[in-house]
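One line per chain: the protein sequences are A and B, in this order.
Quick note, the first sequence lines up with residues 464 to 851 if you use our numbering.
Quick note, the second sequence lines up with residues 39 to 171 if you use our numbering.
What the hints contain is simulated information worked out from the structure, not anything from laboratory work.
There's no promise every hint is true.
Straight-line Cα separation of at most 27 Å, DSS-like style, residue types lysine-lysine; simulated pairs [to be verified]:
| id | chain 1 | residue 1 | chain 2 | residue 2 |
| --- | --- | --- | --- | --- |
| 1 | A | Lys587 | B | Lys116 |
| 2 | A | Lys497 | A | Lys587 |
| 3 | B | Lys84 | A | Lys733 |
| 4 | A | Lys701 | A | Lys831 |
| 5 | A | Lys831 | A | Lys467 |
| 6 | B | Lys116 | B | Lys59 |
Sample of chain A residues at the chain B side, in silico, Cβ under 10 Å [unchecked claim]:
| id | residue |
| --- | --- |
| 7 | Pro596 |
| 8 | Met603 |
| 9 | His605 |
| 10 | Pro608 |
| 11 | Tyr612 |
| 12 | Ser672 |
| 13 | Pro673 |
| 14 | Gln722 |
| 15 | Pro723 |
The beta carbon of each residue, even a glycine, is placed where N, CA and C say it ideally should be.
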Amino acid sequence: MSSKSDPIISGVGQSAVGKFVDRLPLLLTIDAIKDALDNAGLRVGDIDGVATWPGRVETMLDMGPVGCDGVIDALGIKATWYNGAFESAAQYGPIAGAVAAVQQGWARHVVVFRTVCQGSARRKPELFPSVQPAGLSGGMEHIIPYHAYSAANWTAQMASRHFHDYGTTREQLGQVAINARRNGALNPRAIFRDPITMEDYLSARMISSPLCLFDCDTLSDASTAIIVSAAETGADLKNVPIRIDAIAQSLPGRYSWDQPVEAACYPTGKRLWELSDFTVEDVDIGQLYDGFSFLTLQWIEALGFCPVGEGGRYLEGGHRIARDGVFPINTNGGQIAAGRTHAFGYVREAVRQLRGQAEETQVDRDLKLAVTGAGGGPLAMAMLLARD
Amino acid sequence: MTPRPRPLVDPVNQFFWQAGKAGQLQILRCQACGTWLHPPRPICAKCLSEEVAPETVSGTGTVYSVTVNHQPWVPGLKVPYVIARVSLDGVDDVLLTTNIVGERALESRIGDAVHVTFEEQDGLWFPLFTHSR
Ligand SMILES: [Zn+2]
Chain A
464 MSSKSDPIIS GVGQSAVGKF VDRLPLLLTI DAIKDALDNA GLRVGDIDGV ATWPGRVETM
524 LDMGPVGCDG VIDALGIKAT WYNGAFESAA QYGPIAGAVA AVQQGWARHV VVFRTVCQGS
584 ARRKPELFPS VQPAGLSGGM EHIIPYHAYS AANWTAQMAS RHFHDYGTTR EQLGQVAINA
644 RRNGALNPRA IFRDPITMED YLSARMISSP LCLFDCDTLS DASTAIIVSA AETGADLKNV
704 PIRIDAIAQS LPGRYSWDQP VEAACYPTGK RLWELSDFTV EDVDIGQLYD GFSFLTLQWI
764 EALGFCPVGE GGRYLEGGHR IARDGVFPIN TNGGQIAAGR THAFGYVREA VRQLRGQAEE
824 TQVDRDLKLA VTGAGGGPLA MAMLLARD
Chain B
39 MTPRPRPLVD PVNQFFWQAG KAGQLQILRC QACGTWLHPP RPICAKCLSE EVAPETVSGT
99 GTVYSVTVNH QPWVPGLKVP YVIARVSLDG VDDVLLTTNI VGERALESRI GDAVHVTFEE
159 QDGLWFPLFT HSR
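The following block holds chain B by itself, in its conformation from the complex (with noise of 0.2 Å):
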């Protein structure tokens, strides 16, 4: 498989993407006021706090939109493949952009049930989802 772009690791979103070492996947939370923060950020946008920390969360979810990408965009792509981007269960207003993966990936639709499993690359763990039930 061509292997992934990789990202920018820095100290803020660096627990992202070490999270699934453990099997977790963790998202950056204020602790002031309790809103998401995603991507991972310094500052609280809703009340500016500073105190911004991960938390675990549950690492299930629902597709919220979907698309079977056939197009070969760079040389070595096996096609096709599904990009989604998953509502997680109990974290408001962040979607994660992700693969589904698994035997039913190619069927899935809006509202699907999904949960995460880890795919590592280089030391970073990406979040994949794939279908519960």
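So that you can see chain A by itself, here it is in the shape it has in the complex (with noise of 0.2 Å):
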């Protein structure tokens, strides 16, 4: 429950984000660890723990370029706590490790970072040579064969299936793309900073039906960093700490992008309000994962925004999830408008929000409360950041 001994983050920071930025990915790293730093008035000297996901991996080098080691051997970082590991509930299964470290006294200041270099990849595939395994497993064995090779393929299919039992529109759907490029307009980080219309909406180009490209996020080069802290380490910060209230994960029983099963984020999201005094309605924002439209969906309606089933009637018109509707959501214009940062971006944005430092993006509101969730499918993890 929530307690004054939450641990905290202490500061965020962001390398360039681009569709490609021509640096190496160690150096990409260390470029949003050094903003996060000056962004907590911390010092590398400071830092005794070091988190990721998902470490470096040899298979996908654009997903997963950099890990803890590099990190620590770059930095010569004095780490009393290190984990980077691929299985975990989500992406932000680093952050709920540094808070359990924290909590625990392994660490006090626990850099957290998440780097993609997915942009350059394509740009430059000679620097990520992937090895590629020898065949197909882990449930993928039974989706790949079938060219189905990207996530939009099978969330296109719970798309579809959401379309047929509760009668969710494209138009409905849209809305999500439509908010998130308006915010990008804002946002002058922003890969996309040109608005989209719903007309520009129901013309584009179809990916995977009904997921059309503005449905989908960009792939990017990107660092994000986020520094979590204990508790008692907030006064001497240079910024306003914002307590981790409470960080949720759930996958009952079955792992899978194909079977018949609930996606992770809705036992997630209940789980979420069973882990903190606060209820749905005292939430002021929302940073919710949009790797592709359908899943921002399916956390309005996990996280009890809306009943399962109705979040399309939710997003109608788009005035609720708008900057100034009851519940304003990528307030930066999410991954759809500012780039695959692979929900890191979420949580820099949601404490810049929290603290009033979102500068163009600022919601101009009071804001003390957010919620995040990132992933699809089977992973699913959700948290809560507060402002005391």
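Now that you have both chains on their own, put them together as the hints suggest.
In structure tokens form, the structure reads like this:
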């Protein structure tokens, strides 16, 4: 339950973000870490913990180019705890690990980072010589052989079922993309800065029906760093500490992208409220995974902003999720407009919003509580961030 | 057509990729409690029995979800094509991701009746589905 001793986010930082940033993955990561240290008012010597997801992954260097080892070595961090591992409930796995490490006293200041170089890997594939496995496994052997290469295909099938079961429409789903592009237009760091209309959305190139081009985020080069610190360090920081009120995850019995099992966001959303004294009515702002717009719709349902099946109607017209609506979401443009920072961008934006430091994308009201959800399909973690 | 990415064949799943040689679709089933187990695994998730064996199923089913893919994800990929999940008649709690093929593939809708047809590639038989009526 919520408590004064909850670990805090002391600083957030980010490298340059773009479709192509001509910088080595390790240096991109260090750019983000330096930015986060400056934001917190800490020095490299203060850091004693390092965590990341998924770590360095030789089979997909575009997605996992940098691990903890590389960062510890490059910065000479005297680590008393570190962890980087692929098998985790979602991208926020290392944040949960950092919270545990700080609560247990294994570390006082943990730098948690997420680096992606999916843009560079397309432009300079020779720098990302991923090792190819002998064959598909882990459930993917029953999906990818049918030329279902992308999570877009897997998510599209979930969307098609939601449309069928609940009457959800493209016009409703399109509000996620339109909202993202409208917010991205305000964000000087966004990759796409032109707003789109419903007409643009409905006439866009189809990727995997019912998902069109604007329903998908964009591959990018980016590193984002978050510093998780012990509560008692809060008084010495440069900026207002943001308390990590609750982190939830759940995978009830079955890890699969295609079997008949509830998406993990639903039990995770319920779990989040079990772990907090807050309720859904207390939330001021949301940063919800939009690798695909349909995942945002699922998170809105899963977190209880509307009943399951009502996500389309909740999005209708786009007023509720707009920056002047009851539940502003993805205020910096999300991943759809601001690039695939792989969930960590939401944490950075939530912290900046809660502190009133989001500059051009700041929502003009007093914000105390942010919710963020990361992942899709069998991957799901949710987090409540509070300014006390 | 672009070759299908290849599954890692092991002693537990080999039957699935070979059954199509005889025109059969087989799904692994717990012999103790009757639970269908897919993807194949060596132990029943419901009763923990290790007595699991492939059973031949009818090969008919209905479209549970469907998407038409338009994006050429890999060089040479011919688009559009249909990816679906099929619910198999008589097999509870299992869906097969597959391609719907045949003249009516692009008009596939949830609930359509389909049946299995196999495509061989390098000694593996991939179960695809086509409209039944
Ligand atoms: Zn059993």
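Now for the hints, and whether the structure bears them out:
no.: 1; hint: A/Lys587 - B/Lys116; result: 25 Å, holds
no.: 2; hint: A/Lys497 - A/Lys587; result: 26 Å, holds
no.: 3; hint: B/Lys84 - A/Lys733; result: 24 Å, holds
no.: 4; hint: A/Lys701 - A/Lys831; result: 19 Å, holds
no.: 5; hint: A/Lys831 - A/Lys467; result: 15 Å, holds
no.: 6; hint: B/Lys116 - B/Lys59; result: 26 Å, holds
no.: 7; hint: Pro596; result: 7 Å, holds
no.: 8; hint: Met603; result: 8 Å, holds
no.: 9; hint: His605; result: 5 Å, holds
no.: 10; hint: Pro608; result: 4 Å, holds
no.: 11; hint: Tyr612; result: 4 Å, holds
no.: 12; hint: Ser672; result: 5 Å, holds
no.: 13; hint: Pro673; result: 8 Å, holds
no.: 14; hint: Gln722; result: 6 Å, holds
no.: 15; hint: Pro723; result: 5 Å, holds
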